[in-house]
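Peer 1: Take a look at the letters that make up each chain.
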Amino acid sequence: MNQVASGLVTSQWNIATLGLLAASDGAINWHTLFFFIFALTACGFALAVLVSSHVVRMAFFLIVSLSAASGVMFTSGAHFVGTMQLLIYVGGTVVLLIFGVMLTAQEAFITLKTKAGDWVLGILVGGTLLALLVQVAFLDPTWHSTDYQQRLAAQHEAVTEELRQELLAGRDRSELSPETLQKLADLESEIASGFPENVGRIGLALVGVRADTTDESVGLAGYLLPFEIVSVHLVVVLVGAAYLARAKRRRTDLIE
Amino acid sequence: MAENISTWLPPGWEPLAYLVAAVLQAILIIHIFALGAVVFIWAERKVSGRIQDRLGPTRTGGAFGWLQSLADGVKLLSKEDLMPKDADPLLFRIAPYLAFAASFAAFLVLPFSNGWVALHLNVAIFFLVAVLGLEVFGVILAGYSSGSKWSLFGAMRQAAQVVSYEVPLGICIVIPVIIAGSMDMVTIGNQQRGLFTNWLVFHDPFTMMVFWVYATCAVASVNRAPFDLAEAESELVAGFLTEYSGIRWSLFFMAEYGSMFLVSAVGSVLFLGGWNGPIPIFSLLIDNVPWLADSWMFVWLANFFGLLNVLLKASLGVIAMMWVRWTFPRMRVDQVITTCLKYCVPLAAFCFLGVVFWVSTGLPFLNDLAPAAPRSTVREGWMVEREERVERTLSRLEAEIAAAETQPATVDDEPAAAEEANEAEPVEPTDETVKAGMDDADRAAAVASLAGGEQ
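Protein sequence lines correspond, in order, to chains A and R.
Using this note's numbering, the first residue of the first sequence is number 11, and each one after it goes up by one.
Using this note's numbering, the first residue of the second sequence is number 26, and each one after it goes up by one.
One or more hints might be untrue.
Here are a few chain A residues that face chain R, going by a calculated C-beta distance under 10 Å [as the list claims (entries may be wrong)]: (1) F70; (2) I73; (3) V104.
Not close to chain A: a few residues of chain R, all C-beta gaps over 12 Å, as computed [as the list claims (entries may be wrong)]: (4) W91; (5) L123; (6) A185; (7) I304; (8) T352; (9) E410.
Read the hints as simulated data drawn from the structure, not as lab findings.
C-beta: ideal position from N, C-alpha, C; glycine also.
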């Protein structure tokens, strides 16, 4: 892997913008490697969805692409969001396939032919959105760099150095300053597994307790109201769908 | 695991430790499928035989027909790989792997003993539910792509079944999460430490009820009779499996038996104590004999017996599913949907409310007969790992300082001095104010409960 990385350095691409496959101490950075594998899989299968004309194959490619996107989140340490991606988007695509395609299909192996005009329109809209996304992604200067892991290691080194000084000053382990120890604990946790404590924060925020803000103004604190509105909305949609399905069946009864 | 392996590898090869660990874990999990299928298919033949007043296989490999599954496996491998003319080649080929991969992925987060888990996720049970729902995609793709009406019927029945059992199954799984206050399966298992009265199934009357709802939905989720509508060999030839043969067919079967084992193991961790045996021999020893708790070999032994506990409980669950399969007749599609949506959902929702009532009022039940450590003192995996890493960093710092003080001049002796300092280091984990709100007794109980499994 080191050879691959050094080969990339010599090419026109700057290795820093590609993300560092090899960490500074020469170790293979598995997270980065798998991040790129998942990201490339997601992009490749998303393209396959575009060029394929077979609806069920498209659904399969879409599922691979979305699963790879959840893999990207897992390698980034966002386990909760990655699992949500699996549950909602991948599971949702399965249900979409079942009810959208298989139940309404008039013949086996339906295909979709995209007209030239649709291609132009699609490329126009999709390209605009892509340009917007790229613009937004590079708006934040802290997102330019790929040295997240180096920065984390440097912070860890700084905190360790602080503790070393305290220990050198003759302090016992129990006398170390709690703030520095807390900082060290947070950094160790971030290095090892990202931010696992965020799951609890998300759950609390959904029922109205925001752990990340002290803003106590009424209605702004949590996400309980939006959550409830979305839930009620979904129930209404479900009842409506059930009603439509029933109405159709009743009409066929009348004809008979 | 990767950290341990990296110490054994020759210098310069340490980065490969993660790869070695990943490959080892993958091989171990694949063996659950391969060996599990061999054993359980033989057990299925024997159980069905006995239930129908037959003997089952008796000749292959001795008196009990031990080698029957192996003979079947050889036969399957040597079969011709057929594909119907009308099938969609890509989807037909990929479907078995999809079903297998989904079942395999669910095993990644399943703890086999205290901390013996391939991927220690903070959201393990949530991940498991998400991945379990994907296994049906392989079945539906297989049915759709086969180009056969029997297969398509099987796939459509499977679709109807999925949307009906997933709802109550989700509610059932949420209930232990509510009681435990964590989605970390290792934490949920560790909270049931001690005598068998600490198992979550004995938490209150509602969990006792919801366990049976879970069992029903679990049988439905692995497509076993009386819910095997997708296969239904007496109605649909073999349903979605009609056009499959040889190794692809056996992949579907391995996925099915793997999922049976998985849902049983999940049920055992969520409701039946997981790696904690009915009588807590190992946890009592670890709690009361300090030198045993310090020896890593004893903790490993305790974990090994915990593993046997999980395997035993899961296997009993699989045998119970076989018993159910050969006892009950198959249900019609509408009966399956009625069972899941009309009976299981209200029952699970009622139990959900009951458990919330019980937890919020703190009423006593069997759990309070011989309580182990309070639930809130069992910390989640990431907190334990964080504390261990802080401990390691502080020990390293102190060792370096001690080494610099004892041998300031000679550089050569420094590693030896560091080792001495490491040994002189007190082993007991000191409270570093990371968990400021916890008093010493609670903390000791928590450390002990996380240190080992039990029988």
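Peer 1: Compare the structure with each hint and give your call.
Peer 2: Evaluated hints:
no.	hint	in the structure
1	F70	holds (6 Å)
2	I73	holds (7 Å)
3	V104	holds (5 Å)
4	W91	holds (39 Å)
5	L123	violated (8 Å)
6	A185	violated (9 Å)
7	I304	holds (34 Å)
8	T352	holds (31 Å)
9	E410	violated (5 Å)
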